[in-house]
Amino acid sequence: MARNKFDFETTYKLLENKLTELKDLSVSLHCDFSSEIANVEKRINELKEERYKNLTPWEQVLISRDLERPMTRDYIELLCTEFIELHGDRLYGDDPAIVGGIGIFDGRSVTVIGHQKGKDTADNISHNFGMPRPEGYRKAYRLLKEAEKFGRPVLTFINTPGADPGIGAEERGQAWAISQLLLCLSNIKVPVVSVITGEGGSGGALALTIADRILMLSNAVFSVASPETCASILLRDIKRADEMAAALKLNAAYLKDLEIVDEVIDEPVNEHLLDSPDFVISLESSIKKHLDEVCSQTIVELLEQRYLRLRNIGKFYEDI
Amino acid sequence: MFKPAFNKKKTYIDLSGVKKSPPFDTREGNFSCPACSAWISEAEKIQNNDLCPRCSHHFSVTAWERIYSLCDEDSFDEWDANLISYNPLGFPDYEEKLDKAREETRLPEAIITGRSKIGGVDVMVAAMDSRFMMASMGSVVGEKICRAIEGAIKYSLPFIIVCCSGGARMQEGMLSLMQMGKTSAAVGRLNAAGLLFISILTHPTTGGVTASFASLADIIIAEPGALIGFTGPRVIEQTTGQKLPAGFQRSEFLLQHGMVDIVWPRLEMRSLLIRLLNLHQGGSHGEKQV
Chain A
12 MARNKFDFET TYKLLENKLT ELKDLSVSLH CDFSSEIANV EKRINELKEE
62 RYKNLTPWEQ VLISRDLERP MTRDYIELLC TEFIELHGDR LYGDDPAIVG
112 GIGIFDGRSV TVIGHQKGKD TADNISHNFG MPRPEGYRKA YRLLKEAEKF
162 GRPVLTFINT PGADPGIGAE ERGQAWAISQ LLLCLSNIKV PVVSVITGEG
212 GSGGALALTI ADRILMLSNA VFSVASPETC ASILLRDIKR ADEMAAALKL
262 NAAYLKDLEI VDEVIDEPVN EHLLDSPDFV ISLESSIKKH LDEVCSQTIV
312 ELLEQRYLRL RNIGKFYEDI
Chain B
797 MFKPAFNKKK TYIDLSGVKK SPPFDTREGN FSCPACSAWI SEAEKIQNND
847 LCPRCSHHFS VTAWERIYSL CDEDSFDEWD ANLISYNPLG FPDYEEKLDK
897 AREETRLPEA IITGRSKIGG VDVMVAAMDS RFMMASMGSV VGEKICRAIE
947 GAIKYSLPFI IVCCSGGARM QEGMLSLMQM GKTSAAVGRL NAAGLLFISI
997 LTHPTTGGVT ASFASLADII IAEPGALIGF TGPRVIEQTT GQKLPAGFQR
1047 SEFLLQHGMV DIVWPRLEMR SLLIRLLNLH QGGSHGEKQV
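In the order they appear, the protein sequences are chains A and B. With the working numbering applied, the first sequence covers 12 to 331. With the working numbering applied, the second sequence covers 797 to 1086.
Treat the hints as calculated values from the structure; they're not laboratory data. Among the hints, erroneous ones may be present.
[Said to hold, decoys possible] With a cut-off of at most 27 angstroms between alpha-carbon atoms, the simulated DSSO-like pairs for lysine-lysine come out as follows:
hint, chain 1, residue 1, chain 2, residue 2
1, A, K130, A, K156
2, B, K1039, A, K326
3, A, K326, A, K24
4, A, K326, B, K896
5, A, K64, A, K200
6, A, K200, B, K950
7, A, K29, A, K59
8, A, K34, A, K59
9, B, K950, A, K326
10, A, K160, A, K200
11, A, K156, A, K200
12, B, K950, A, K250
13, A, K59, A, K267
14, A, K64, B, K950
[Claimed, not checked] Some chain A residues well away from chain B (every beta-carbon gap over 10 angstroms; in silico):
hint, residue
15, L36
16, V51
17, Y63
18, N65
19, L78
20, D85
21, E96
22, R163
23, E181
24, A186
25, S229
26, R317
27, D330
Source: prediction; values computed, not measured. The beta-carbon is built from N, C-alpha and C at its ideal position, and this holds for glycine as well.
Model the full assembly from the supplied sequences, consistent with the hints where possible.
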């Protein structure tokens, strides 16, 4: 991604300044420095690539939270040829932190549900920073039941700091709403494919990530609790969040090793995600591939495999 | 004139090393009840069945005490005591914490599960122990719950669990979080088999445990005054900056908001369970004929 907002990006900021200087100079002196310019550009790209391939877990946390990353609505626009958004939980309200509706992906009808953050502070406030309230989970629940009725596969997009930590959310049964969604997704009679696109924060993210297949972007994270929370509870020092980010093993590559995630989709180094044709193609084709696979199974097989998939997660010793 | 006041650096005494604990009387281990502030001695507390003699505040009890107080005498057959946690992520200090918890509680993990009888009815039963790393749910806790539920399905038994937990165990990372999905999926199978599931929420039940199996029961009972919720009260206060209303997230508050079926005192829990089990007999319960 071409931005300079993270600390680690200052390493090549200097080089980029030099490059601009060189370009200015070539214009003002009417000289041809094109080979030098090309050299510096190449070097910068190499540096960036090197750097982005070796991000620390904490750097990945920061990138996963970047508001310039595409949000669920962007992915819907990118992937679906048709989409009608459906609102409300039919109980209390409509949660702007979760978007859902019916669309057409790869020629078939799908129900799409995902977390929605805003693009800037004002927008983010109106979406409650992508932190769903009970209404959001109940909207998702209702849409899932509708998908089940019509045998329509489900796509979910995950990008949330977690469930809303407010008084109202507790009063209206946050925990009950999340648990209902976990139960519903664990035995829903249609295929479910999940894509973790940004920040996968705790129970609020998990509520939409019980699926037959879980895909994850290479700089997305998925964590039991935010590194800041862990640092403040376990180390009593929120400034040591970077240590916790490493300890929590929250990045895509590790979660693939743990077999929680099925496929990691590589992000481009030097471009905005949606500007990179390679990324768009690989995202689209990998969702299609997994959706085709799960759609070709019978419901009985699908439910059995989904159960076993969850059932087998966990590491412990068994003394005999 | 006022300028120096802006530059004045405030210094605070560092309290980070000070451990918060209930105020102890200097005399002989007397302590103050967190609900009514009455001074109680350990002997009085034990004599009064771990309740405050003045306000009946329910003090925490161990998982074994739960089992003994709910199950018929000598009927409990423990399952899966051989499941042992290790440190799959290499998380700092996790082994030390596990060792310390094992030593202090003499328990292999934060939950005890097994087959038992309550009022002569065969049941699968589980009890969590808050002394063991705040009864947080890691791989072993999730696995033991699933095996107990699968046991209930295999033998067509009701499943009863006494919950208390700080949530998912951070030290096992995503493996812990996924236990929420795993236990919920197991409850789905219990439901499909038409078996009764009773969850008893005790102080405190929060986080990933409340947001998974604990709230999925057919009947949810809460002990009086227990803190039950998803986000802990301190986090809510810190993030919203709002002062929490009195009784917020307590059992009675949840009853009022329609989240629990019954708030019931601990000493009468066994008799309530017996009545509930009797009401549900004639359903699909009772040992399957093989």
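Outcome of the hint check:
1. K130/A <-> K156/A: Not OK: K130/A and K156/A at ~30 angstroms, beyond 27 angstroms, violated.
2. K1039/B <-> K326/A: It is violated: about 40 angstroms lies between the C-alpha atoms, which goes past 27 angstroms.
3. K326/A <-> K24/A: violated, 44 angstroms
4. K326/A <-> K896/B: Status holds; Cα separation ~20 angstroms.
5. K64/A <-> K200/A: Violated, at about 39 angstroms.
6. K200/A <-> K950/B: Holds - the C-alpha atoms of K950/B and K200/A are around 23 angstroms apart, at most 27 angstroms.
7. K29/A <-> K59/A: Cα-Cα ~16 angstroms, so holds.
8. K34/A <-> K59/A: holds, 20 angstroms
9. K950/B <-> K326/A: Since the Cα atoms of K950/B and K326/A sit roughly 24 angstroms apart, the hinted pair holds (cutoff 27 angstroms).
10. K160/A <-> K200/A: holds, 9 angstroms
11. K156/A <-> K200/A: Judged against 27 angstroms, a Cα distance of about 9 angstroms means the pair holds.
12. K950/B <-> K250/A: Given that 27 angstroms is the threshold and the Cα spacing comes to 49 angstroms, the pair is violated.
13. K59/A <-> K267/A: holds, 24 angstroms
14. K64/A <-> K950/B: violated, 49 angstroms
15. L36: At roughly 46 angstroms from the nearest Cβ of chain B, L36/A sits farther out than 10 angstroms, so the non-interface label holds.
16. V51: holds, 41 angstroms
17. Y63: holds, 23 angstroms
18. N65: It holds; N65/A is separated from chain B by about 20 angstroms at its closest Cβ, greater than 10 angstroms.
19. L78: holds, 19 angstroms
20. D85: holds, 26 angstroms
21. E96: holds, 26 angstroms
22. R163: Nearest chain B Cβ is 20 angstroms from R163/A, so the label holds.
23. E181: violated, 5 angstroms
24. A186: violated, 4 angstroms
25. S229: Non-interface label stands for S229/A: nearest chain B Cβ at 16 angstroms, farther than 10 angstroms.
26. R317: Non-interface label on R317/A violated, nearest chain B Cβ at 8 angstroms vs cutoff 10 angstroms.
27. D330: The claim breaks: D330/A does not keep its Cβ more than 10 angstroms from every Cβ of chain B (closest is about 4 angstroms).
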